[in-house]
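From first to last, the protein sequence lines are chains A and B. So for the first sequence, my numbering puts the first residue at 1; every next one is plus one. So for the second sequence, my numbering puts the first residue at 1001; every next one is plus one.
Hint data in this document are derived by calculation from the structure and do not stem from the laboratory. Backbone N, C-alpha and C define an ideal beta-carbon position, used for all residues, glycine too. Hints should not be assumed to be uniformly reliable.
Simulated crosslink set (DSSO-like; lysine-lysine; CA at most 27 Å straight-line) [as the list claims (entries may be wrong)]:
{"hint": "1", "chain 1": "B", "residue 1": "1186", "chain 2": "B", "residue 2": "1169"}
{"hint": "2", "chain 1": "A", "residue 1": "37", "chain 2": "B", "residue 2": "1186"}
{"hint": "3", "chain 1": "B", "residue 1": "1123", "chain 2": "B", "residue 2": "1078"}
{"hint": "4", "chain 1": "B", "residue 1": "1086", "chain 2": "A", "residue 2": "37"}
{"hint": "5", "chain 1": "B", "residue 1": "1127", "chain 2": "B", "residue 2": "1144"}
{"hint": "6", "chain 1": "B", "residue 1": "1123", "chain 2": "A", "residue 2": "37"}
{"hint": "7", "chain 1": "B", "residue 1": "1079", "chain 2": "B", "residue 2": "1127"}
{"hint": "8", "chain 1": "B", "residue 1": "1169", "chain 2": "B", "residue 2": "1123"}
{"hint": "9", "chain 1": "B", "residue 1": "1169", "chain 2": "B", "residue 2": "1211"}
Over the 10 Å line for every Cβ pair with chain B, so calculated as not near, a few chain A residues [unchecked claim]:
{"hint": "10", "residue": "34"}
{"hint": "11", "residue": "43"}
{"hint": "12", "residue": "56"}
{"hint": "13", "residue": "146"}
{"hint": "14", "residue": "166"}
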Amino acid sequence: MIERSPPACGRWRWAGLLAFSALIALRADAASALLGKQAPDFALHGLDGRNRRLSEYRGRVVLINFWARWAGDSRVEMPVLDRLNTTYRRAGLVVLGVSIDDDLRRAGEFAAAMHVGYPILLDTGETLGRDYALQRLPMTVLVDRSGIVRVVRVGYRRGDESAYLAAIRELLRE
Amino acid sequence: MNSGPVMNRNRRVVSIALCAGALLCACAALALGAAPVQNAAPVQNAAPVQGEAPSPPAAAASPRADFKTLDQQVQGVKKDVIDLNKDLFILEENLLFPANTQVAVYLSMDVGRFFALDSVTIKIDNKEVANYLYTTREVDALMKGGVQRIYLGNQKIGKHELVAFFEGKGPHGLDYRRGATITFDKGIGAKYLELKITDRVARHEPEFTIKDWE
Chain A
1 MIERSPPACG RWRWAGLLAF SALIALRADA ASALLGKQAP DFALHGLDGR NRRLSEYRGR
61 VVLINFWARW AGDSRVEMPV LDRLNTTYRR AGLVVLGVSI DDDLRRAGEF AAAMHVGYPI
121 LLDTGETLGR DYALQRLPMT VLVDRSGIVR VVRVGYRRGD ESAYLAAIRE LLRE
Chain B
1001 MNSGPVMNRN RRVVSIALCA GALLCACAAL ALGAAPVQNA APVQNAAPVQ GEAPSPPAAA
1061 ASPRADFKTL DQQVQGVKKD VIDLNKDLFI LEENLLFPAN TQVAVYLSMD VGRFFALDSV
1121 TIKIDNKEVA NYLYTTREVD ALMKGGVQRI YLGNQKIGKH ELVAFFEGKG PHGLDYRRGA
1181 TITFDKGIGA KYLELKITDR VARHEPEFTI KDWE
């Protein structure tokens, strides 16, 4: 009995791991399924008091960054996106930060503390989470001038900035 | 000693032969050069010769004409697509929202000095059917006289209650939330209702009304 229990436990662990991997793979597929499709439209309250609708930015390249204050990578990624916004804003880039947080007040405080120059929109993620198949935060979506999703990037690692830069330059040239 | 005159004679023969050859070549060249001129005599060939100067614009005009016709064709196709899209849209609406069940709600805004619109929520028979968040551009469009169709749906024949909630900033920049309600009778034909936001100047506050377009 004692000898049998570890393999059984191991089997369960393997099964759990497989199930988790399958779930991750499915969600990754869901996110990448957005590629080449029209970006789902949304209208959200901005931290500055203005409402913004995605479809109003048609004709410009839009970078949508979904973040949450509890996602550690968001804290690292936001200054990077702020630099991109400062550099390419005049060339036609729009950066929208969308907070996916249940506590909108605390999300607002966090965003204000980050001092980013791009608009921060507040959402609880109920509708957007489904439309954009949000899996792990931060998640960044690049939308081209005609409103088509061209890049979906889940999570943030150091060095992703150069990938964003290349994609933004390419989309701005189109 | 005799070799000198022989050589001179040979040289003379060679030079004469060369001159003769050169003359023959020149004659042949002249003959060839003269041929088109002779051929140019007929009227058919004369025209291109005379029209040599204007020929480049003529050559450029034909591609331009081609482009023009191509552009006209593209415009025609675009117009056809727009017409087809319009027809499909009408057909879709007629199929999805037949007149005997159709209820449409429109929103209009007049002046808006005392109210900055933020969002509108519509409930019919206590069920939320529409919720719309307005951007600055949309509010500007409404203030310029635009009318928005905020809801289009199906409702059974009979009495229904519509409640509209308007949210935004009030007279002193304060949060403002007001409601308006109407009970309407849905008949056989389509029902059109209009939510109107107007300024009540005498009281310095906005007014929210619902009009039933019979």
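We went through each hint and held it up to the structure:
A hinted pair counts as satisfied when its Cα atoms are at most 27 Å apart, and residue 1186 of chain B with residue 1169 of chain B does not qualify at roughly 33 Å. A threshold of 27 Å between alpha carbons decides the hint, and for residue 37 of chain A with residue 1186 of chain B the separation of about 39 Å lies outside it, so the pair is violated. Annotation: proposed proximity of residue 1123 of chain B to residue 1078 of chain B is violated, straight-line Cα distance about 40 Å (limit 27 Å). A C-alpha spacing of about 23 Å is found between residue 1086 of chain B and residue 37 of chain A, which places the hinted pair at or below 27 Å, so the restraint holds.
With a C-alpha separation of about 31 Å, the suggested pairing of residue 1127 of chain B with residue 1144 of chain B is violated against the 27 Å cut-off. Only pairs whose Cα atoms come within 27 Å are accepted, and residue 1123 of chain B paired with residue 37 of chain A is rejected, the gap being roughly 32 Å. Only pairs whose Cα atoms come within 27 Å are accepted, and residue 1079 of chain B paired with residue 1127 of chain B is rejected, the gap being roughly 41 Å. Taken as a hint, the residue 1169 of chain B and residue 1123 of chain B pair is honoured in the structure, with Cα atoms around 21 Å apart against an allowance of 27 Å.
Simply put, residue 1169 of chain B and residue 1211 of chain B have alpha-carbon atoms about 23 Å apart, close enough for the 27 Å limit, and the pair holds. The Cβ of residue 34 of chain A sits about 22 Å from the closest Cβ of chain B, beyond the 10 Å cut-off, so the non-interface label holds. For residue 43 of chain A, the shortest C-beta to C-beta distance to chain B comes to about 4 Å, within the 10 Å cut-off, and the non-interface label is violated. With a cut of 10 Å on Cβ distances, residue 56 of chain A falls inside the contact zone with chain B, its closest approach being about 6 Å.
With 10 Å as the threshold on Cβ separation, the claim that residue 146 of chain A sits away from chain B holds: the shortest Cβ distance comes to roughly 17 Å. Every beta carbon of chain B lies more than 10 Å from that of residue 166 of chain A, the smallest distance being close to 31 Å; the non-interface claim holds.
In summary, the structure is inconsistent with hints 1, 2, 3, 5, 6, 7, 11, 12 from the numbered list given earlier, while agreeing with the others.
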